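2 protein chains.
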Amino acid sequence: MVVEMEVNNGENTTNNWVPIMKKLHMNVIGEKMKKFQKLTCRTIWRVGKEDPRRVIHSLKVGISLTLVSLLYLMDPLFKGFGSNAIWAVMTVVVVLEFTAGATLCKGLNRGLGTLLAGSLAFLIEYVATKTGHVFRAIFIGAALFFIGATATYMRFIPYIKKNYDYGVVIFLLTFNLITVSSYRVDNVLKIAHERFYTIAIGCGICLLMSLLIFPNWSGEDLHNFTAAKFEGLAKSIEACVNEYFSDEEQQKTKENSSDLEDPIYNGYKTVLDSKSFDETLALYASWEPRHSRHCYRFPWQQYVKLGNVLRHFGYTIVALHGCLQTEIQTPRSVRAMFKDPCIRLSGEVAKALKELGDSIRYRRHCSPEILSDHLHEALHDLNKAIKSQPKLFIGSKNNTNKLTLATVISKGQSGALNSRRVSLSSVKTDTSALLDWKSKLRGGSSTTHENLKLRPTLSKIAITSLEFSEALPFAAFASLLVEIVARLDLVIEEVEELGRIAHFKEYNDDDEHHVVVEIDKKNSKPLPNQLPTQDSGD
Amino acid sequence: MVVEMEVNNGENTTNNWVPIMKKLHMNVIGEKMKKFQKLTCRTIWRVGKEDPRRVIHSLKVGISLTLVSLLYLMDPLFKGFGSNAIWAVMTVVVVLEFTAGATLCKGLNRGLGTLLAGSLAFLIEYVATKTGHVFRAIFIGAALFFIGATATYMRFIPYIKKNYDYGVVIFLLTFNLITVSSYRVDNVLKIAHERFYTIAIGCGICLLMSLLIFPNWSGEDLHNFTAAKFEGLAKSIEACVNEYFSDEEQQKTKENSSDLEDPIYNGYKTVLDSKSFDETLALYASWEPRHSRHCYRFPWQQYVKLGNVLRHFGYTIVALHGCLQTEIQTPRSVRAMFKDPCIRLSGEVAKALKELGDSIRYRRHCSPEILSDHLHEALHDLNKAIKSQPKLFIGSKNNTNKLTLATVISKGQSGALNSRRVSLSSVKTDTSALLDWKSKLRGGSSTTHENLKLRPTLSKIAITSLEFSEALPFAAFASLLVEIVARLDLVIEEVEELGRIAHFKEYNDDDEHHVVVEIDKKNSKPLPNQLPTQDSGD
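First to last, the protein sequences are chains A and Z.
Anchor point for the first sequence: position 177 equals 177 in this note's numbering, and the numbering is continuous, going up by one each time.
Anchor point for the second sequence: position 162 equals 162 in this note's numbering, and the numbering is continuous, going up by one each time.
Quick caveat, the hints were computed from the structure, so don't treat them as lab data.
Predicted model, so just to flag it, every value in this text is computed and none were measured.
Among the hints, erroneous ones may be present.
In silico DSS-like pairs for lysine-lysine, Cα to Cα no more than 25 Å straight-line [unchecked claim]:
#1 A:Lys38 with Z:Lys275
#2 A:Lys162 with Z:Lys38
#3 Z:Lys161 with A:Lys34
#4 Z:Lys275 with A:Lys269
#5 A:Lys275 with Z:Lys161
Could you put together the complete structure from these sequences and hints?
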């Protein structure tokens, strides 16, 4: 208002800016709005593009709602059900979920809860009707309190919380509705009957929609998600080892940027965070009717178990990734010596993981050969490579210097951390940095707590100035790689267990037969060059 | 029936067993029932004992339901609201949650959804009333389809899913109720009004109950849970390092039993699985009114960030735990040499973690001293210990044996895995086991896939028979310990950030003043014996 008045007057020169500012402000708001609009549109588009089934599900919900509302909108149908038809609409809104398993789980929970609550409510009404009006109110109130508290307490029991949480809520809802209504309405039984029919119709439409028309199966999702996890882990390991041996120094800058675009991080992230997702999918999948050729109870819990093992496998990859990000680094030239065997080993592990993922994806047993043969050759190559470089781990040959693990350089200066290069024989005292740091700390301890912020950087220096710092990291890296191979066995065990329980088909597929032949051919040779008998290091 | 008849006849001797079997069967069932009863009772008791607030919450729900049912049961109140009072009961059942934040989140979502849906429904009714009866039905059907599909699609957008999922469901529910009802009922506006009032009363009772009477705060839970995580991690690290250096051989048997009772596993498990729990609590906490002395927006997201950092810290502990479980083990006598510094280092890390946990628990900044000083001394001690044992890492002194990392024994026999003991100079060829394994594999590859089961064990043999196997693990263990110290800095950074944003009080508390004095006194000494200047290894 004030602004408008001043614009109309146009007298005050100092206020000439106001309309311009206002215009600018409007422009900024307009731009922001446009930006926001664009972002919203892109988000909406991406959500649909990521998984087109979401669009189909939305349309399904729309169609179901329209169908169920016909009960109310069409005269002949309305005469049959009356205003209770509204309960069918409510049921569809609440029960129809994305996957068939979730819909079944919710629908059956709702049905069970309603039935139980109905029976109990009529029992209580039967007792209550025999008494006077006032006593009846007290009785109903007491029943509400008792059942309400008990049902709520039941929801804390883990087993019920996991499987029947929604059912208990519906039980409580229906029980209260019927019990309270019964106080005023005489023909509660008739109303309950009608409601039950309309709810059943609503549930029926939901089941029809979710089971028969473009159904989404939780089990299918869980299956594909599990297969995809293997691929993510395989990519992670390969990227991790490649980055460890990459010649570029860009690594440092990458590290500082967020982890979000990191292919290594992306690979194992989904595996690490999959626990609750897996469990929910397995729970819903257990409600789904088996849609396989065989008639057995599908082992969804085995997928959860496999997920646990994969998560443990993932932790080792995180530790391997930690070797890339740690402050203490083995010099690049040292690493280069072990580049080939390590990359080969990681490649073999990745191949094995991919094969495991494929075997799950195509529901077949995994190839009995490629999982172990090349892998162990790669392991032996790594062993050979480490043995062929004995100097590195002993230090320089002259006996005056006995510090085995510590002969690699350790420049104690704080600024030189990133620029340090290899010079295998120069051993400096590492105490200068620590003394530096100590004096700084002591000087600061009497002042305020502001210099707490300094500590992290300082302790990094202290760690990097330790003498064992540069020999250990590669040992850890190699050890973790070997550990990954060891854990791979546990993963293979679980996958085989899954294949056994879920009756996966045999490996010798037609489309992959040439692979088998190739391996058989390879296997018939004695593989002399890959066995470690002629080991040069011995 | 058949059984009963035969009991009555008593003629057929072969069937004399039937009543006994039946009795036995009944006994078994009775016993099972008793067992089940006992188990159920124990579970119910445990649920309440674990968190007595659950009992209180259950009673609160019972009281709220009784209170809200008075609207329907008491005549003067019923005259005011009529049968719409039932909606207040429904609201209480659905909205009243365990913590205040969750109740507020659900209540406000419900309110917002209802209001939005009401406005939109009346807009559509306004358009629909201007048309004929048949066209109106079509219009309503189309609106239901369009709004239903759009709202469902919106639920897939991550931001809405996270914050307003329940609100969208309620929006859809209310919109459908009003729109469909408006086709048959004339005074929808009046009904909607009354319903809105009763829903508001229901929400009011819920808020009263959850905010004022024994309130449970999500923020408080998140706070305590975060502090407890530190303690768990501290216990985990200490237990892990202690077990690594323990002299007993029981370790192996422990390993085979389930991980569930393992103190190491229990310590980090809650941290690793905390992601979704943290995020839910932080979401609810962000809805809670601030109940702190200062009037600022409490940084719940910082708790989530801290949780992420702690989870990453936890992964390193998992890797450390992996060193205990791996097939390739450094001999016990070798480990014993590094026992003291490692245990001291882990003790310092655990102390630092406990201090961090306490600082969060008591909402104060953490002590500026104990976090780094002793820690780095312990680091240097470990360094010293490694340097003082150069022989171990070079191998035996005679030059004929140049395999540095590999001079520790490697018995290639498959059965002797667990019984192997240290003999530092005996080097055997490691190929025998592998050749063994290869021939077995080749022999089996032509037969069925049954022998897939053999592979895991075989590959374990292959790994343990590698020559680098026994020197690397300790290097990895030490490196991971150092890595843990490095990561501790990241944790400290986040805790300090949290302390800054959340305005934690200063460290110099009265009750902990003596600790500060002690440290100051210690710090004024030059600490000659703990600085690595007189390093014997140099």
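Structure-based check of each hint:
The straight-line distance between the Cα atoms of Lys38 (chain A) and Lys275 (chain Z) is roughly 31 Å, outside the 25 Å bound, and the hint therefore fails. Note on Lys162 (chain A) and Lys38 (chain Z): the hinted pairing holds, with a Cα-Cα distance of about 21 Å set against a maximum of 25 Å. For the proposed pair Lys161 (chain Z) and Lys34 (chain A), the alpha carbon gap of about 23 Å is at most 25 Å, so the pair holds. The hinted pair formed by Lys275 (chain Z) and Lys269 (chain A) meets the criterion: a straight-line CA distance of about 12 Å does not exceed 25 Å.
Annotation: proposed proximity of Lys275 (chain A) to Lys161 (chain Z) holds, straight-line Cα distance about 19 Å (limit 25 Å).
Checked against the numbered hints given earlier, this structure breaks only hint 1.
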